[in-house]
Amino acid sequence: MLLDAISPLDVLLLNTGSRSTFVGSAGGSVIDLTFASDTLSERVKSWRVSGAYTGSDHRAIVFEVLPAGNRRSNPAPASRRKWSVRTMDRDCFGEMMSGVEVRSACPETNGRRAYVPHSRGPATPPC
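First residue of the sequence shown? That's 1334 in this note's numbering, and the numbers climb one at a time after it.
The hints are simulated quantities; they were obtained by calculation from the structure and are not laboratory data. Note that beta-carbon positions come from the ideal geometry of N, C-alpha and C, so glycine has one too. Please note: incorrect hints may appear among the correct ones.
Restraint-style ranges between C-beta atoms, simulated for each label pair [to be verified]:
1) Thr-1387 with Ile-1339: 22 to 28 Å
2) Ser-1351 with Gly-1402: 29 to 35 Å
3) Glu-1397 with Cys-1425: 17 to 23 Å
4) Gly-1361 with Arg-1419: 27 to 33 Å
The task is simple: from the sequences and hints, build the whole structure.
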């Protein structure tokens, strides 16, 4: 459903790394996502998950946006992958996700799993 909702927007995912954006009593996960247009993404600098106290079980996502007309002086590293859901191969994505187990960070789920149609595999229901 998320892919269907953002597909017409033609945006790019800016998240990098694997540091959890949500940390609960049962563990953490990367649940908070940052999207930007292709044009704006070229001006985003220093995207990171902050370790600063927020008073929440969600960590702050911090980044800078350079003024219009400016771009990063050093291009994004090759390891930073950008993708567009508008042009993605859903069958390939489903195949890749079929072997991935998603663990819950929510104690309320008690290990229950839900079927996610796009991934063709089990996933944990949301909190």
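How the hints compare with the structure:
1. In this structure the supplied range 22 to 28 Å holds for Thr-1387 paired with Ile-1339, their Cβ-Cβ distance being about 25 Å.
2. Our hint of 29 to 35 Å for Ser-1351 and Gly-1402 holds, since their Cβ atoms are close to 33 Å apart.
3. Checked against the hint of 17 to 23 Å, the C-beta distance between Glu-1397 and Cys-1425 comes to roughly 34 Å, which is inconsistent with it.
4. The hinted range of 27 to 33 Å is satisfied by Gly-1361 and Arg-1419, whose Cβ atoms lie roughly 30 Å apart.
Hint compliance for this structure: hint 3 alone is broken.
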